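**Student:** Given next are the chains, with one letter for each unit.
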Amino acid sequence: MNHKGKAWKFGANIDTDLLAPISALTSAKPAEAYTECLKDLDPTFAPNCKEGDIFVAEENLGIGSSREWAPQYLQSCGIRVVLAKSFARIFYRNCFNLAVPALVCAETHKISTGDQLDVDMEKGEVHNLTKGETYKCDTVPEHLMQIVADGGLMEHLKKRFKKAS
Amino acid sequence: MGQTISEKILARASGRETVKPGDIVTCQVDLAMVHDSSGPRTSGKKLDELGVPVWDMDKLVVISDHYVNLDTPAAKEVQDICDDWCESHKVKNFIRNQGICHIVLPQEGHVRPGMFCVGADSHSTTAGAFGAFMVGVGATEITGVMATGDIWVRVPDNIRMEVTGELSPGVAGKDVILKICGEHGIMGFGYQVVEFCGEGVANMSAQDRMTLTNMAAEIGAKTGIIAPDAKTVELLSSWGVSGINADAWQSDADAVYAKRLTVDGSALAPQVAAPSSPENADDVTAYKNVKLDQAYLGACTGAKLEDMRMAAQVLKGKKVASGTRFLVAPSTVKMREQAAAEGTLKILEDAGAMILPSGCGGCIGLGDARLAENAVGISSTNRNFVGRAGPKSSKLYLASPFTVAASAVAGEIADPRDML
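Sequences listed follow chains A and B, in order.
Per my numbering, the very first residue in the first sequence carries number 748; after that it's consecutive.
Per my numbering, the very first residue in the second sequence carries number 192; after that it's consecutive.
Any given hint could turn out to be false.
[Said to hold, decoys possible] DSS-like mimics (lysine-lysine), calculated; alpha carbons at most 25 Å apart, straight line: (1) Lys832/A with Lys870/A; (2) Lys237/B with Lys776/A; (3) Lys878/A with Lys753/A; (4) Lys583/B with Lys786/A; (5) Lys267/B with Lys236/B; (6) Lys237/B with Lys906/A; (7) Lys583/B with Lys756/A; (8) Lys832/A with Lys450/B; (9) Lys832/A with Lys753/A; (10) Lys236/B with Lys776/A; (11) Lys236/B with Lys906/A; (12) Lys905/A with Lys281/B; (13) Lys910/A with Lys236/B; (14) Lys909/A with Lys236/B; (15) Lys909/A with Lys237/B; (16) Lys905/A with Lys237/B; (17) Lys509/B with Lys537/B; (18) Lys776/A with Lys583/B; (19) Lys537/B with Lys510/B; (20) Lys450/B with Lys905/A; (21) Lys910/A with Lys237/B; (22) Lys776/A with Lys267/B; (23) Lys786/A with Lys832/A.
[As the list claims (entries may be wrong)] If you want a taste of the chain A side facing chain B, the calculated C-beta under 8 Å gives, among others: (24) Pro768; (25) Ile810; (26) Ser812; (27) Ser833; (28) Arg840; (29) Lys905; (30) Phe908.
Note that these hints are calculated values from the structure, not bench results.
This one's a predicted model, so the numbers in the text were calculated from it and none came from an experiment.
Glycine included, each C-beta is placed from N, C-alpha and C at the ideal position.
Turn these sequences into a full structure, and let the hints steer you where they fit.
**Tutor:** Written as structure tokens, this is what we have:
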């Protein structure tokens with residue numbers, strides 16, 4: 748599975764309160780709540796993120812709460828793949844459950860906002876087309892790629908129940 | 192080869208003789224917990240979309256605690272959804288607005304040593320204080336658990352965290368976990384399970400141990416766990432749990448740990464974590480004289496009966512500083528009643544505390560304990576990320592109930608050892 752897209756680059760320790768602030772979780776307009784994603788860190792992100800973009804961070808992406816709105820808001824903004832040096836475990840699982848592949852890449856500090864990336868999930872490679880560089884990333888366990896291939900855990904579960912009946 | 196308590200639980204839950212770190216296993220879940228935000232509103236709707244029933248109604252517990260006691264249409268809607276879903280699905284174990292889920296769950300007798308539990312909240316790790324292995328997950332993941340009763344787990348490496356010596360007066364479990372967070376960082380133990388043990392843990396009250404496992408989430412751990420002892424059995428018995436076999440859920444002497452680490456409990460000073468991360472922890476003396484607008488005793492981390500008793504030890508016969516608001520939201524309704532019956536609550540009130548209803552409230556920036564613009568606060572909660580407990584301009588320091596109480600009296604961050 749390959750994905751090409753433009754990078755949004757952030758640093759370390761992006762927590763779930765930044766990704767999904769409490770004001771969004773209690774918003775009177777839940778359908779627009781995702782536009783508050785990262786408002787306290789970079790208010791230009793949500794309005795300018797485009798369909799197919801790639802979210803890139805350094806260590807400890809998604810620390811904090813189990814709130815699934817954190818990856819869900821990124822997804823609603825248009826993000827289709829997430830790269831980081833390391834992930835908080837609940838956020839990591841939440842990403843796959845929403846069919847957003849989350850890849851561990853040790854060289855994300857070499858990526859800048861605006862870089863065009865081509866992510867090869869099978870080979871575990873990130874090609875930076877803008878800078879002409881290639882970075883290694885960890886390959887994803889097969890059962891997680893199967894969840895992504897099915898379109899997320901909900902679709903995966905529907906298949907499981909269909910088979911059972 | 193011996194097994195740790197965590198490996199024994201995961202082996203039993205996955206139907207194997209043994210498991211080893213790195214194995215990916217499917218575990219049968221003994222108990223699933225959701226709250227009003229991660230439950231009916233989200234995973235409940237998803238379960239209905241799947242069109243299947245809850246796999247085992249005896250094993251599901253729904254606790255409303257996040258958007259309770261709030262006078263906003265959005266919060267009320269979440270409560271209505273929660274009440275209606277539990278009624279229409281005939282949820283057997285729905286505990287409505289009785290306090291925070293991580294404390295209510297064991298308090299109502301749902302947790303026992305050896306259980307494998309899943310909760311749709313990151314501080315689900317708290318149940319580890321009773322020798323259960325409980326992990327936090329997100330809403331879709333818990334939907335899968337509610338539908339199937341199983342979940343995939345990567346067997347984690349084990350970290351043995353020994354607290355040596357006995358804690359000094361005015362020092363608590365909160366100081367131990369903040370010290371660990373300061374030393375190892377907020378992701379210090381990513382994907383690992385941290386087993387707390389040693390003389391320092393043995394001497395802690397069973398309720399104070401819950402603060403260690405609660406904040407396993409703030410050291411990146413998959414979960415935290417403490418092997419049960421007589422104190423565990425005594426507390427659980429008082430909460431109506433009978434027939435506990437504590438001996439069956441101990442780590443073997445020859446169990447394998449990825450790391451064996453120690454914290455010097457007897458030398459430990461009260462800790463304070465500066466804005467905006469729990470890992471900014473240092474001795475209280477490093478932050479003395481920081482002026483405070485608010486001091487807050489609350490959350491699943493820091494307003495249990497034992498926590499209120501710690502604050503009362505400091506506050507007896509003293510008054511809160513005139514420029515500082517001191518707010519107390521007991522972790523559960525039952526604990527507030529206990530604190531009232533034994534006189535602890537009166538000591539807090541006489542000192543000038545305002546008692547708030549039980550719920551997640553101020554810890555997640557909701558209700559009367561939400562920090563105001565540019566406000567500086569200290570609290571016994573677990574996280575102080577930007578925008579969590581108040582607006583971006585507010586600043587939050589984290590500390591133990593002793594230190595929060597002492598700071599409320601001083602009107603600035605203060606060392607509780609000077610007031611005991």
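**Student:** Broken hints, numbered, in rising order?
**Tutor:** 20
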